[in-house]
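Peer 1: So the chains spell out like this:
Number of protein chains: 2
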Amino acid sequence: MEPFGARLRRAMDERGPLCVGIDPHASLLAEWGLNDDVAGLERFSRTVVEAMADRVAVLKPQSAFFERFGSRGVAVLETTVQEARAAGALVVMDAKRGDIGSTMAAYAESFLHKDAPLFSDALTVSPYLGYGSLKPAVDLARESGAGLFVLALTSNPEGGEVQHAVRGDGRSVGATMLAHLAAENAGEEPLGSFGAVVGATLGDLSSYDLGINGPLLAPGIGAQGATPADLPRVFGAALRNVVPNVSRGVLRHGPDVTALRTAADRFAVEIRTAVTAS
Amino acid sequence: MEPFGARLRRAMDERGPLCVGIDPHASLLAEWGLNDDVAGLERFSRTVVEAMADRVAVLKPQSAFFERFGSRGVAVLETTVQEARAAGALVVMDAKRGDIGSTMAAYAESFLHKDAPLFSDALTVSPYLGYGSLKPAVDLARESGAGLFVLALTSNPEGGEVQHAVRGDGRSVGATMLAHLAAENAGEEPLGSFGAVVGATLGDLSSYDLGINGPLLAPGIGAQGATPADLPRVFGAALRNVVPNVSRGVLRHGPDVTALRTAADRFAVEIRTAVTAS
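Chains as they are written, first to last, in our numbering: chain A, 671 to 948; chain B, 671 to 948.
What the hints contain is simulated information worked out from the structure, not anything from laboratory work.
C-beta: ideal position from N, C-alpha, C; glycine also.
Any given hint could be a false lead.
Computed footprint of chain A on chain B; a stretch qualifies when at least three of its residues, placed anywhere within it, have a C-beta under 8 Å from a C-beta of chain A [unchecked claim]:
1. 750-763
2. 801-809
3. 824-831
Take the sequences, apply the hints, and build the full model.
Peer 2: Structure representation (structure tokens):
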């Protein structure tokens, strides 16, 4: 399969740079008039896929909300991923996995092996064990044409105690992750497959080198306070590689499929306008 | 339910301080003459539970090796956890989850809510998003009588770039996690429920304050190079709170149940001897 970075570039060019979350938390299920059970989960996910998968570039299921129902929830996640991909969306599995050695390899196989029931176009991973611990996932992603999004600089205030800590070479942990990713993506065209998660609500990021030649997944648009118009200021020259994520800002318009589509289309237009104008 | 720390203290006193991993990776399945499929996974896990759950203090399933088979693998994990607990072992789910806000709460519900199919006595979590991001899991663990093991200082060499980075107050990230846990466990008797993962192969840890009044899960005994006799040197005064984990060192003796038991009993005796002698 063509590398994730190339597929993502094309999808964002064609459909607009937008990632919609599939976050079936209990409060949203209730707002949609669904029960907080596996049937409600299935109905919710199927509706989002039906409304979105043929038009948005990326869908991002939040694994935790499926795991909450155990293996039966994971079975719904499998169907969701498969149907979303079949309908033309790229799927970024938001599972934030991270481990070492053969265990990291097993997580990679779970989400990045082409025959896995949960095979996704990309996976979010957590680097507390060091960027190098993610190597089995990097290797399998390359083999499968998939990608990764490594947690780097997140928007929650508690994250600073880890991400802003400084290493012996004077760089912060967050900047170190960005540097590793830049090396991973070196020379890739049109876009590398190894991205970073960078909070869209962080304000000015000009002290960081965001030029990693890979995608920057930016949660926090809509309900979490940032707007599409904020993106140029936050991301500067890296703007064209930003994958803005909207979850609640779209999902709260459900369960009506037309209303969901209208909300997503509006975000896609606003984001494209912000990107083009800058 | 009685708090995890108290239950763990009693289990380690009665059964010996030993945690055996349930790590069904492909190479072990092959060594046991099992196929690398869901049936092999089920057979492997059932055998470990049958051999161990009535005698070792803690069993630690490695979630990745179950997730590799998608929802059907997770269904085997559910059975494994439930049968291990029913037979008297404490179960530490090694899933290294970590997220923020309602997503972290959903992971907590997945493993620490008493009615969840994967309810475990404790869960490993990853703090790249900051210790504070784990609060929903801390809260639910307290409510359920469960515990957490927070990644702090791991034995893999790549981990240093995050864990040894230094914060504004002069403490490293790893030391910061230990300090948070010490605060969490303050005043708890006989042992707090909020532990740390600390690599047993790290050599001298005397520059760290391991006195967190909580358990220290120490992977790396046996196959990864450390021996029970190394524990006093590595852990010093915190030795009595160490939960040494052996995985391959026991599992390679299967599938024969008697051989597995003999191996586990030997480790339990060696560890108890090392702890008592120091």
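Peer 1: Against each hint, give a clear statement of whether it holds in the structure.
Peer 2: Structure-based check of each hint:
no.: 1; hint: 750-763; in the structure: violated (count 0)
no.: 2; hint: 801-809; in the structure: holds (count 3)
no.: 3; hint: 824-831; in the structure: holds (count 7)
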